[in-house]
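Q: Once you have looked at the hints, place chain B on chain A.
In order, the protein sequences belong to chains A and B.
Positions 29 to 351 (this note's numbering) are the ones given, in order, by the first sequence.
Positions 701 to 812 (this note's numbering) are the ones given, in order, by the second sequence.
Keep in mind the hints are simulated off the structure, nothing from the lab.
It is possible that part of the hints are untrue.
Here are the simulated SDA-like cross-link-like pairs (lysine to any residue), alpha carbons at most 25 Å apart as the crow flies [stated by the list, open to error]:
id, chain 1, residue 1, chain 2, residue 2
1, A, K187, A, L258
2, B, K800, A, K187
3, B, K743, A, G45
4, A, K230, A, R220
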Amino acid sequence: MIELRTGLVGSGAGSAGGETDLLIAGGGPAALAAALYASRYGISHVVAESWQPGGQAALTARIENYPGIESITGGDLAAALRRHAAAWGASFEASSVVSAKPSGNRIEVVTDAASWSARTLIVATGAAPSRLGVPGEEEFYGRGVSYCATCDAPFFRGKTVMVVGGGDSAVKEALHLAGFADRLYVVHRRDRLRAEPLLVEKLLGCDRCSVYWSSTLLEIRGSDGVESVLLRTPGGEAEVPVDGVFMYVGRTPATAPFRDLIDLNPDGTVRTHDVVHTSRENVFAAGDVTDNELRQVVTAVSDGARAAAAAFELLQRDEGGKG
Amino acid sequence: MAVKKIAGREIETLTAASDRISLVDFSATWCGPCKMLEPVLEKASEELAARVSFFAVDVDASPAESSKFGIRGVPTMIVFHQGREVDRMVGFRDKGALVKHLTSIADEKLGV
Numbered sequence: 029m030i031e032l033r034t035g036l037v038g039s040g041a042g043s044a045g046g047e048t049d050l051l052i053a054g055g056g057p058a059a060l061a062a063a064l065y066a067s068r069y070g071i072s073h074v075v076a077e078s079w080q081p082g083g084q085a086a087l088t089a090r091i092e093n094y095p096g097i098e099s100i101t102g103g104d105l106a107a108a109l110r111r112h113a114a115a116w117g118a119s120f121e122a123s124s125v126v127s128a129k130p131s132g133n134r135i136e137v138v139t140d141a142a143s144w145s146a147r148t149l150i151v152a153t154g155a156a157p158s159r160l161g162v163p164g165e166e167e168f169y170g171r172g173v174s175y176c177a178t179c180d181a182p183f184f185r186g187k188t189v190m191v192v193g194g195g196d197s198a199v200k201e202a203l204h205l206a207g208f209a210d211r212l213y214v215v216h217r218r219d220r221l222r223a224e225p226l227l228v229e230k231l232l233g234c235d236r237c238s239v240y241w242s243s244t245l246l247e248i249r250g251s252d253g254v255e256s257v258l259l260r261t262p263g264g265e266a267e268v269p270v271d272g273v274f275m276y277v278g279r280t281p282a283t284a285p286f287r288d289l290i291d292l293n294p295d296g297t298v299r300t301h302d303v304v305h306t307s308r309e310n311v312f313a314a315g316d317v318t319d320n321e322l323r324q325v326v327t328a329v330s331d332g333a334r335a336a337a338a339a340f341e342l343l344q345r346d347e348g349g350k351g
Numbered sequence: 701m702a703v704k705k706i707a708g709r710e711i712e713t714l715t716a717a718s719d720r721i722s723l724v725d726f727s728a729t730w731c732g733p734c735k736m737l738e739p740v741l742e743k744a745s746e747e748l749a750a751r752v753s754f755f756a757v758d759v760d761a762s763p764a765e766s767s768k769f770g771i772r773g774v775p776t777m778i779v780f781h782q783g784r785e786v787d788r789m790v791g792f793r794d795k796g797a798l799v800k801h802l803t804s805i806a807d808e809k810l811g812v
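Same shape as in the complex, but just chain A (with noise of 0.2 Å):
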């Protein structure tokens, strides 16, 4: 049961704005464990909770590798999350940021509900599946086109699907959609995949899916929904009849609105040092949209545990000063 719209501040559009100490922009692990830390450093502050609250982890079916919850689905594990800040306090507005810009020592912040004046910023926006960029792809979004397994694998249950990617997420997902399909291919660029070996094993001990190596997707082809795609693989072009294609390849990270605030990489992710601190001294970046390693919710909360410690100290020392 996902519940992740309680405890609200205002109503999204009737919230007043005005000065805050801290604003967390974004809604998904590393938000909500920076609205933990920051509510219980007593820390004014509001969660601006962006395109999706629960972020990717609420899309994710299964997550196993979160230590102490040996199994949980990942929408269950992102209420959880938030329940636990609203526990302690922490302020949510339904809102995304649109822009972000700095005045003197502040940075100021409007959302799609209220204008912010605020000491310091996480930017905790997290990531959005990349699209592959073929033909198909957008006509046939929501027509057999999918980045969501948790969300659509039920259409189809006895049916064939393809999953496009070599990661993780895309090994996840497909064993998720195994549960479900009658045949299910995965279609990777490499001649191994990226996962971890548990799952990698998995699917490869999995009698109903099969995987296309070195192979790309060129088409998504079908009339009203989804009929067949053309891959690129080792031995020539191939047309394989399936229903559904699952794409997993990448993430977007959520950076637009911080482009002018702060410095980005190239790939759009947010440039880091010490783990949160950012090019400016009161803006810190927390989970999926930095350039950080590894990209799992355990990852995600612990930058943002050190996100909110690291405003919580220049906040100190603001404190500090006055005396």
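A: What follows is chain B alone, placed relative to chain A:
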């Protein structure tokens, strides 16, 4: 104005209005983004009450209609005017983006 839960043939009868546009959200209980979309739709329905009717369909309760409308992913939001599909959105939208998009469709179909 709230989001009204509907099922079966109601989809066609309730979206036939000519003086309003209708948004039908096809969703499912198992789908995380659908849950997240619910409060967004509630708020958008209040803001756009004068020109847009909001309906929600549980795909498990209306399998024939879901199939008829070609739903293969949730959430899928279909916008109707005079009973005809005029727009389709797949996946979560935040309130700002949704209100802006629906306002432009309403302007086009109903006049500014």
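Q: Hint by hint, say whether it matches the structure.
A: Going through the hints against the structure:
For a cut-off of 25 Å, the pair hint linking K187(A) to L258(A) stands: about 18 Å separates their Cα positions. Restraint check for K800(B) and K187(A): not satisfied, since their Cα atoms lie roughly 37 Å apart, outside the 25 Å limit. As the CA atoms of K743(B) and G45(A) are separated by approximately 18 Å, the hinted pair is consistent with the 25 Å bound. Of the pairs offered as hints, the one joining K230(A) and R220(A) holds, with about 14 Å between alpha carbons and a cut-off of 25 Å not exceeded.
When the structure is compared with the earlier hints, a violation turns up for hint 2 alone.
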